[in-house]
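Between the sequences and the hints, there should be enough to build the whole structure, so can you do that?
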Amino acid sequence: MNTKLKVSEISKIYPGCIANDKVSLEFGSGKIYALLGENGAGKSTLVKILSGVVKPDEGEVFLNDESIKLNSPLDAKKNNIGMVFQHFNLFETLSVFENLSIDSDKKDEDLRVIVNDILKKYNFKIDLDIPVLNLSAGQKQKVEIIRCLIRNPKVLIMDEPTSVLTEQETDDLFTSLKQFSKDGILIIYITHKLKEVLSLCDEVAVMRKGKVVSVSNTIDEKIESLANKMVGENLNTIKKKINNFKNSEEILKISNLNFKSDDPYETNLNNLNLSLKKGECLGIAGISGNGQNELFQILSGEIITESTSIKFRNKEIGKLNPRERREYLMAFSPEDRISQAAVPELKIYENVALNNFKSSNFFEKGLVNEKKIKQHSKKILSNFSVNTDNVELKSQFLSGGNLQKLIIGRELITSPELLVCFNPTWGLDVGAINYIHETLIQINEQGKSSILISTDNDELLKLSDRICVIYKGKLSKIMNADTVTAEKLGILMGGGSLD
Numbered sequence: 039m040n041t042k043l044k045v046s047e048i049s050k051i052y053p054g055c056i057a058n059d060k061v062s063l064e065f066g067s068g069k070i071y072a073l074l075g076e077n078g079a080g081k082s083t084l085v086k087i088l089s090g091v092v093k094p095d096e097g098e099v100f101l102n103d104e105s106i107k108l109n110s111p112l113d114a115k116k117n118n119i120g121m122v123f124q125h126f127n128l129f130e131t132l133s134v135f136e137n138l139s140i141d142s143d144k145k146d147e148d149l150r151v152i153v154n155d156i157l158k159k160y161n162f163k164i165d166l167d168i169p170v171l172n173l174s175a176g177q178k179q180k181v182e183i184i185r186c187l188i189r190n191p192k193v194l195i196m197d198e199p200t201s202v203l204t205e206q207e208t209d210d211l212f213t214s215l216k217q218f219s220k221d222g223i224l225i226i227y228i229t230h231k232l233k234e235v236l237s238l239c240d241e242v243a244v245m246r247k248g249k250v251v252s253v254s255n256t257i258d259e260k261i262e263s264l265a266n267k268m269v270g271e272n273l274n275t276i277k278k279k280i281n282n283f284k285n286s287e288e289i290l291k292i293s294n295l296n297f298k299s300d301d302p303y304e305t306n307l308n309n310l311n312l313s314l315k316k317g318e319c320l321g322i323a324g325i326s327g328n329g330q331n332e333l334f335q336i337l338s339g340e341i342i343t344e345s346t347s348i349k350f351r352n353k354e355i356g357k358l359n360p361r362e363r364r365e366y367l368m369a370f371s372p373e374d375r376i377s378q379a380a381v382p383e384l385k386i387y388e389n390v391a392l393n394n395f396k397s398s399n400f401f402e403k404g405l406v407n408e409k410k411i412k413q414h415s416k417k418i419l420s421n422f423s424v425n426t427d428n429v430e431l432k433s434q435f436l437s438g439g440n441l442q443k444l445i446i447g448r449e450l451i452t453s454p455e456l457l458v459c460f461n462p463t464w465g466l467d468v469g470a471i472n473y474i475h476e477t478l479i480q481i482n483e484q485g486k487s488s489i490l491i492s493t494d495n496d497e498l499l500k501l502s503d504r505i506c507v508i509y510k511g512k513l514s515k516i517m518n519a520d521t522v523t524a525e526k527l528g529i530l531m532g533g534g535s536l537d
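Every position in the sequence shown, counted from 1, becomes a number in my numbering once 38 is added.
Straight-line distance between alpha carbons at most 27 Å, and here's what the computed DSSO-like set of lysine-lysine pairs gives:
hint, residue 1, residue 2
1, K116, K86
2, K432, K247
3, K412, K432
If you are wondering where the hints come from, they were derived from the structure by calculation, not from laboratory data.
Written out as structure tokens, the structure reads:
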């Protein structure tokens, strides 16, 4: 039976924000639909309504021409609407089968038969009896998909599904989604990766400021047209100049760096070696959890190492703390902008002061010179296009993109010689991503260096001069970016070899 899903005049209002403004869309089985929009465009609210997490203030949802009530996630399941979230909801120490059986009302022997049939039908190669922690990211995602398939879904919603996958795992996922669609499952696909929309989806709906502004066939679209629809204006095309740094000054050198943690959830680093030239961007690719976090903490001074393992501008800095490294003109943008880079409850100028608490410019005889800090903060807001001029505003009220601009601006306003970024555009909309990318290119053009640790291969290929891959705490050979493809990165990210 064909499935039809319709949302009619859906509205959801929060204090000071219209999240969904009379949204109407129709979906039918046999197609894969993309839902696009900047942060705050309303797509997350709409999906939460469809999955029963949020109740609409107005409007109706129809499944096969019948009005349905989705007052809870259980209601969504009863109506055969399944959702695979971006962050996996699995118990790592339990087996695959134990995870699948937790919310199932079927007997174990019956459930195992159903799951094995799914594995066979879709050629999923997963051992049901091993702990989830032993699975790759792609396999963990398949477990989440299987959990939905057990219930024979009519609708399957995928939320940013490729954010932690290799190129090969992404191809594998696309093959599965196309097969689900052929089998009559209606697929709604949420992503910010426009190339994926064009290669996978049949139709695309674009949301902006709570409204649907465009519905079209993907065959009629290009990356530029979709990006422009999302932001409501034309975006500049970013292209980095190809540089040759053979004769440039070496600014950073890591030699035989090792790190062993007592925490079983951290990744040990094994004999890392790399060098960085003045004006260069070195990209470090890898699936999340392969040592990126540990490497960033070592570079920033949160984890102390042997003095000789890291040299910056010919100075041994392995034992220096973050403040001391900043004094040597290093700067850092952590992955988690909420808990690591800023304190949401503090005002903007107070967050700016966090990086300058020892600076004589802002502190005199142990007392804070608020006037100077506020002037400095206003300069950051202006220079880095943060969408407010109110330094008294609490940082929690900034959008993700504006908060990231503030963080990057706070780091760059001091004119550092090196900026280390960890997933700087994670979760940002296309407009904010474009701005951050332009900023990173500009600092290289000014002769400053950068290390870009990212799980976004497109970002790495766009911004890097050279690229390597981190896998299980080891670095691959460093390659010139113009010789690297997404396919090559995918092979290395999965532990393969290019030899």
